[in-house]
Amino acid sequence: MSNEAKYRLDYLDQLESESIHILREVAGQFERPALLFSGGKDSITLVHLALKAFRPGKFPFPLVHIDTGHNFPEALAFRDQLAASIGEKLIVRKVEDTIKKRQLTEPGGKFSSRNALQTFTLLDTIEEFGFDACIGGARRDEEKARAKERIFSVRDEFGGWDPKRQRPELWNIYNGRIRKGENVRAFPISNWTELDIWNYIRRENIDLPSIYFAHEREVIDFEGQWVAVSPFIRLDASDRIQRRQVRYRTVGDMTCTAAVESSASLIDDIIREITATRTSERGETRIDDKVSEAAMEDRKKNGYF
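Remember, the working numbering sits 57 above the position in the sequence shown when you count from 1.
Since the hints were derived computationally from the structure, they do not count as laboratory data.
All of these numbers come straight from a predicted model, not from anything done at the bench.
Be a bit skeptical, because a hint or two may be false.
[To be verified] Here are the simulated DSSO-like cross-link-like pairs (lysine-lysine), alpha carbons at most 30 Å apart as the crow flies: (1) LYS157 to LYS167; (2) LYS237 to LYS115; (3) LYS115 to LYS151; (4) LYS158 to LYS146; (5) LYS115 to LYS146; (6) LYS221 to LYS205; (7) LYS151 to LYS205; (8) LYS158 to LYS237; (9) LYS157 to LYS237; (10) LYS146 to LYS109; (11) LYS221 to LYS167; (12) LYS237 to LYS146; (13) LYS167 to LYS151; (14) LYS146 to LYS157; (15) LYS237 to LYS221; (16) LYS205 to LYS237; (17) LYS109 to LYS205.
[Unchecked claim] Okay, the calculated beta carbon distance ranges per label pair: (18) LEU227 to GLN299: 45 to 53 Å; (19) ILE230 to GLN138: 35 to 43 Å; (20) PRO288 to LEU227: 43 to 51 Å; (21) ILE143 to ASP70: 21 to 29 Å.
C-beta atoms are modelled at their ideal positions from N, C-alpha and C, and glycine is treated no differently.
Taking the hints into account, I'd like the entire structure generated from these sequences.
What follows is the structure in structure tokens.
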């Protein structure tokens, strides 16, 4: 076997190598980075990549979760279990505390999402710990605003994102230079797709919260989407609670993340489902992205992840 054939990487190896390189660039270029960790599949994949990038040493950053108080309990339990099992520091800051401290107004309506209010808690947490870079699990295939964003995304002193200030990233060279008060959001799996994530999870045998697999749950039908019954949504007289076999393609808040009907209980079944679908995970399941045509971009300009 030639040396060229011996060291040729398959596409998952290439994605993994790029992501590990980005994680190490963040560690090398910034003084106080953090990894935003929610207990969802993308941030779990980031943690797995960080283990490959930095073990046997400790992570050069803490795990940080901005907790809205509307999370799926399965995701929170998995978050705590994973952080404990790898022995890394987990920082949790709660949106509810920010609402009280800043006297913010809770959103109303049937699905009173705190997503927009997360920004205040995130910016307060960045200031509290002096973070100059926050690593996130966003991917370009998820949503068109995320497709615009570079791997190193510079944010101003108010956390705002300006698409016109995006820096070129030629030959995998990442420019992390920032002025005082600015910070960077870094996205090591930006070039991955949902299918890449699942193929990598299968290859690496990565554990996930149970809600990613088919299970029975009480839901209501909202405009063709199955929304979990929870204390955080308003049930109206016209709502008919049904028990359906569902799973989640993405895990956000219980107030803004819909399930899909599915019998996929194994990763191979999920991969077959994703291969057959023509709708992105956020397009199919995220209610908050449907507020307006530019809902995600507007949130990012105000400091969102």
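Going through the hints against the structure:
The suggested pairing of LYS157 with LYS167 holds, with an alpha-carbon distance near 22 Å, which does not exceed 30 Å. For the hint pairing LYS237 with LYS115, the CA-to-CA distance comes to about 27 Å; that is within 30 Å, so the pair holds. With a C-alpha separation of about 25 Å, the suggested pairing of LYS115 with LYS151 holds against the 30 Å cut-off. Only pairs whose Cα atoms come within 30 Å are accepted, and LYS158 paired with LYS146 is accepted, the gap being roughly 25 Å.
For the proposed pair LYS115 and LYS146, the alpha carbon gap of about 10 Å is at most 30 Å, so the pair holds. Restraint check for LYS221 and LYS205: satisfied, since their Cα atoms lie roughly 10 Å apart, inside the 30 Å limit. Simply put, LYS151 and LYS205 have alpha-carbon atoms about 29 Å apart, close enough for the 30 Å limit, and the pair holds. Proximity of LYS158 to LYS237 is assessed by CA-CA distance (about 26 Å); at most 30 Å being required, the pair is judged to hold.
The hinted pair formed by LYS157 and LYS237 meets the criterion: a straight-line CA distance of about 29 Å does not exceed 30 Å. Restraint check: the Cα-Cα separation between LYS146 and LYS109 comes to about 17 Å, which is no more than 30 Å; the hinted pair holds. For the hint linking LYS221 to LYS167, the alpha-carbon distance of about 36 Å lies beyond 30 Å, and the restraint is violated. A distance of roughly 26 Å separates the Cα atoms of LYS237 and LYS146; the hinted pair therefore holds under the 30 Å criterion.
Restraint check for LYS167 and LYS151: satisfied, since their Cα atoms lie roughly 22 Å apart, inside the 30 Å limit. Of the supplied pair hints, the one linking LYS146 and LYS157 holds, its CA atoms being roughly 26 Å apart against a limit of 30 Å. As the CA atoms of LYS237 and LYS221 are separated by approximately 20 Å, the hinted pair is consistent with the 30 Å bound. With a C-alpha separation of about 25 Å, the suggested pair LYS205 and LYS237 falls inside the 30 Å cut-off, and the hint holds.
Proposed proximity of LYS109 and LYS205 is supported: the alpha carbons are some 28 Å apart, at most 30 Å. A beta carbon spacing of about 52 Å between LEU227 and GLN299 agrees with the range 45 to 53 Å that was offered as a hint. Separated by about 37 Å at the C-beta atoms, ILE230 and GLN138 satisfy the suggested range of 35 to 43 Å. In this structure, PRO288 and LEU227 meet the distance hint of 43 to 51 Å, their C-beta atoms being roughly 50 Å apart.
Between ILE143 and ASP70 the beta carbons are some 23 Å apart, a value that agrees with the proposed interval 21 to 29 Å.
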